[in-house]
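Asks: Each step along the sequence shown adds one to the number in UniProt numbering, with nothing skipped, and position 218 is 218.
DSS-like, lysine-lysine: derived pairs with alpha carbons at most 30 angstroms apart: (1) Lys748 <-> Lys277; (2) Lys248 <-> Lys138; (3) Lys232 <-> Lys269; (4) Lys138 <-> Lys44.
Simulated from the structure, these hints should not be mistaken for laboratory data.
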Amino acid sequence: MEEKEYRLYKLVDTNSNGGELLPWMRYALNTGDYSLIDGYLDSKLKDFMYNGGKSKLESVAELVKIRNKERNAMLGAFMRKKGKGKSGPNILDDFNQEANQGDLKKGRMGENIVGACLMQGSALHNKLAIKILTAYPKLINDIFISEEYYGLSHLHQAIVNEDPYMTNYLLQHGADINQRCYGAFFCANDQKNGRTDSLEHEYVDLPERTNYMGRTYFGEYPLAFAACTNQKDCYRLLRAKRADPNLKDTNGNTVLHMTVIHENLEMLKLAYDLGAKLQIQNNQCLTPLTLAVKIAKKKMFEQLLQLESTIDWEYGEASRVAYPLAKLDTIDQETGQLNENSALYLAAYGETEEHLEMLEGLLENLLQAKWDAFARRHWSISLFCFVIYFIFVSLAFMNRPFAQTTSILTNDAVWVIPGTIYALLDPNKVNKEKYKEIGIPEPKWVPKTYTYPIDSAYVYEQKRCHLTQYFNYGDQGYVRLVSESVVLFSVVFQIIVELLEIRAIGYKRWWQVLSSFPFKILYRVSLLFILFLVPLRLLCFLGDTMLFLDNLISMLVVIMTALHFLFYFRAMKFVGPFVVMIYTIFIRDVVRFFAIYAIFLFGFTHSFYLIFIICERAYVEKHPGEVNEKNETTHVNILANPLEGLLRLFICTIGEFTTLYKEINSCENPIAEGIGKVVFLIYELFVTLLQFNLLIAMMTRTYELIYRTQKEYKRQWAQVILMTELSLPPKDRLMALLKYSRPIGIDKQKRAFVVTRKHETFSESEQLMKEQQANAIREEKRLLLKRRLRDIHLPGGHHGKGTKQNNRPETPFLATPMPNWSNVKKDN
Numbered sequence: 001m002e003e004k005e006y007r008l009y010k011l012v013d014t015n016s017n018g019g020e021l022l023p024w025m026r027y028a029l030n031t032g033d034y035s036l037i038d039g040y041l042d043s044k045l046k047d048f049m050y051n052g053g054k055s056k057l058e059s060v061a062e063l064v065k066i067r068n069k070e071r072n073a074m075l076g077a078f079m080r081k082k083g084k085g086k087s088g089p090n091i092l093d094d095f096n097q098e099a100n101q102g103d104l105k106k107g108r109m110g111e112n113i114v115g116a117c118l119m120q121g122s123a124l125h126n127k128l129a130i131k132i133l134t135a136y137p138k139l140i141n142d143i144f145i146s147e148e149y150y151g152l153s154h155l156h157q158a159i160v161n162e163d164p165y166m167t168n169y170l171l172q173h174g175a176d177i178n179q180r181c182y183g184a185f186f187c188a189n190d191q192k193n194g195r196t197d198s199l200e201h202e203y204v205d206l207p208e209r210t211n212y213m214g215r216t217y218f219g220e221y222p223l224a225f226a227a228c229t230n231q232k233d234c235y236r237l238l239r240a241k242r243a244d245p246n247l248k249d250t251n252g253n254t255v256l257h258m259t260v261i262h263e264n265l266e267m268l269k270l271a272y273d274l275g276a277k278l279q280i281q282n283n284q285c286l287t288p289l290t291l292a293v294k295i296a297k298k299k300m301f302e303q304l305l306q307l308e309s310t311i312d313w314e315y316g317e318a319s320r321v322a323y324p325l326a327k328l329d330t331i332d333q334e335t336g337q338l339n340e341n342s343a344l345y346l347a348a349y350g351e352t353e354e355h356l357e358m359l360e361g362l363l364e365n366l367l368q369a370k371w372d373a374f375a376r377r378h379w380s381i382s383l384f385c386f387v388i389y390f391i392f393v394s395l396a397f398m399n400r401p402f403a404q405t406t407s408i409l410t411n412d413a414v415w416v417i418p419g420t421i422y423a424l425l426d427p428n429k430v431n432k433e434k435y436k437e438i439g440i441p442e443p444k445w446v447p448k449t450y451t452y453p454i455d456s457a458y459v460y461e462q463k464r465c466h467l468t469q470y471f472n473y474g475d476q477g478y479v480r481l482v483s484e485s486v487v488l489f490s491v492v493f494q495i496i497v498e499l500l501e502i503r504a505i506g507y508k509r510w511w512q513v514l515s516s517f518p519f520k521i522l523y524r525v526s527l528l529f530i531l532f533l534v535p536l537r538l539l540c541f542l543g544d545t546m547l548f549l550d551n552l553i554s555m556l557v558v559i560m561t562a563l564h565f566l567f568y569f570r571a572m573k574f575v576g577p578f579v580v581m582i583y584t585i586f587i588r589d590v591v592r593f594f595a596i597y598a599i600f601l602f603g604f605t606h607s608f609y610l611i612f613i614i615c616e617r618a619y620v621e622k623h624p625g626e627v628n629e630k631n632e633t634t635h636v637n638i639l640a641n642p643l644e645g646l647l648r649l650f651i652c653t654i655g656e657f658t659t660l661y662k663e664i665n666s667c668e669n670p671i672a673e674g675i676g677k678v679v680f681l682i683y684e685l686f687v688t689l690l691q692f693n694l695l696i697a698m699m700t701r702t703y704e705l706i707y708r709t710q711k712e713y714k715r716q717w718a719q720v721i722l723m724t725e726l727s728l729p730p731k732d733r734l735m736a737l738l739k740y741s742r743p744i745g746i747d748k749q750k751r752a753f754v755v756t757r758k759h760e761t762f763s764e765s766e767q768l769m770k771e772q773q774a775n776a777i778r779e780e781k782r783l784l785l786k787r788r789l790r791d792i793h794l795p796g797g798h799h800g801k802g803t804k805q806n807n808r809p810e811t812p813f814l815a816t817p818m819p820n821w822s823n824v825k826k827d828n
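Produce the entire structure from the sequences given, and follow the hints as far as they go.
Replies: And the structure:
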């Protein structure tokens, strides 16, 4: 079988200009004698055909198996999707049985002999291909049968070869204008590993989510191939044969989608002029306009905006343009729901710098209109309410009885005297005389009394439940009671509103929007923490752990609540960029730095820990009598445990290394002392210097970020506006939409955003489009003038018999016949 497969290359070699058929074809072209080549094709080429060239019916299932076998190397890995397509596949439906005429055991890429000729693409090979197609006309719709090139037809090849003559020949002789190419070579890069087959259909099942990137992703259809390769003549020939530019490939992309992906402005305009539609959506619900935003093709986006827009009036360098909002705005014009596939949403939540560029121009004007219509007012109200909420949170926290809490949690080891700043650290009265020296009366230590049973009515009168005893602390207790009540009510209200919002828009969309605001996520977590404080406060009698958790969570709540101010600052032009800088540097640079720094820190911590253990043992051996009352050595090991070592080395990193070096230098073991100094030197060189170099790199990155803050601010501003918009009910969104839009024609449900602009504010691509339009008008006028000048005929003398005067009705003077002066003279 393999010998027969490679016999094809003996006739036409795809790697060179060799092959048995080429000399005979060259001889026929030079001499005009085609008898030899005709006889050779009739006798030799039949071995490469089914049934001697009469063709053969082959099922789609068999073709799919061949393709799948090449991909998976075994049919057992074949994957058939359940619940999709027909329950009992009819493998011959929608399949042209004359399409597979050649021998399936073809060349290396599944090509037949005509495909081998077109792979070379020279004039001689093209003549030979035409000769073979004349002898075996059913080969014209044969395709490549392989995983990489499945479905590639001769028409596709002619288009890729940039050969309008061969394209026209194939079209005139019945080439299928809707043949689809499913090969992996012509697939998007991120979909190649997810290709699966099904016996129910010929096309390949692909993952729905893709970025469409791929230099040879051409859209399956010949018309899409012509558009992607910028073959205008081939495109016009295909359209003349009624090839449909609105047919979708496996990803749902039409010709316009493909021109956007390959960023081909000229073919986009040509395809639109020849009937391509702008409103068709692909499998990800993206029109060509929104696709341009998703993959950040700004020039294509602006071109499509111009095609969709209508000019109300134009006067001099000023114009008034209306842009339909159906795919631009985030508000659905009919339901008021949020449109995640809108151009504004995709640009605002895009992650690249190219997406930042797209927030200029029309989208920036649209954002400003939203800000003026509703966002500024709702943002101001939200900020005011949050300030009030934060004041009550602060009052509730600052009026807690910290002195008593500290005493309880430290087991009376620290007693803060009410009304003073003194802290007593001697519960066992060891330093009784020192109290007299500093003028502080000796405290009376009140032991903890937990004698109340759990079911007692006085259970909350225990010391550990002092946070529930609001009426025992005077005005401070009353303020705390009111503040905590207001905070708890506000938290419950906010959580209910949030749950209703999640129910209305869905958890996935809610989280997608919220995930762009880290500080708002922390604020939402603080609301849950406050709710969690209620059972902790009520269970205080179970032990001091409840009191400790109460204080710990309260501190976290205050910090998280305060950080929520940064969410509001993002909408301020002079503060917003620096807010973005803070968490951008933290997430990207600081986390990356500590990931590297932690490796060094853990490694050197263990080294120093072992060195200090050796030094401690050496000290005990040389000073065996130096022990305290508890029979412990008086030598203090500053790295007594690995955790202490981590903290000590971290302090050394930021500059305080004298204590560590002093301890190493005083080590009683000379070998450990030497090793310690070497390790210390290595640590200072590779960790401290590395830290400062990374710090310099972070500062450079910060500077670059500051340089781009003007554009980054627009993204943050846009996200704040969309977050505010998300909090509105659909009816309010529709009312806001009416404020910055106008109806299109008589249909009031279809809205447009109107912009009055001057030509000097046009972007580069818009100016280029204007110049192209002006050049096209000038060229049209030039051709019209040339045609009129050619049509002008000035008759002189007599016209011959059977001829007519070429008079131009548009120019009466020139169309007037010249008088016959000879007849006038005779009359005289």
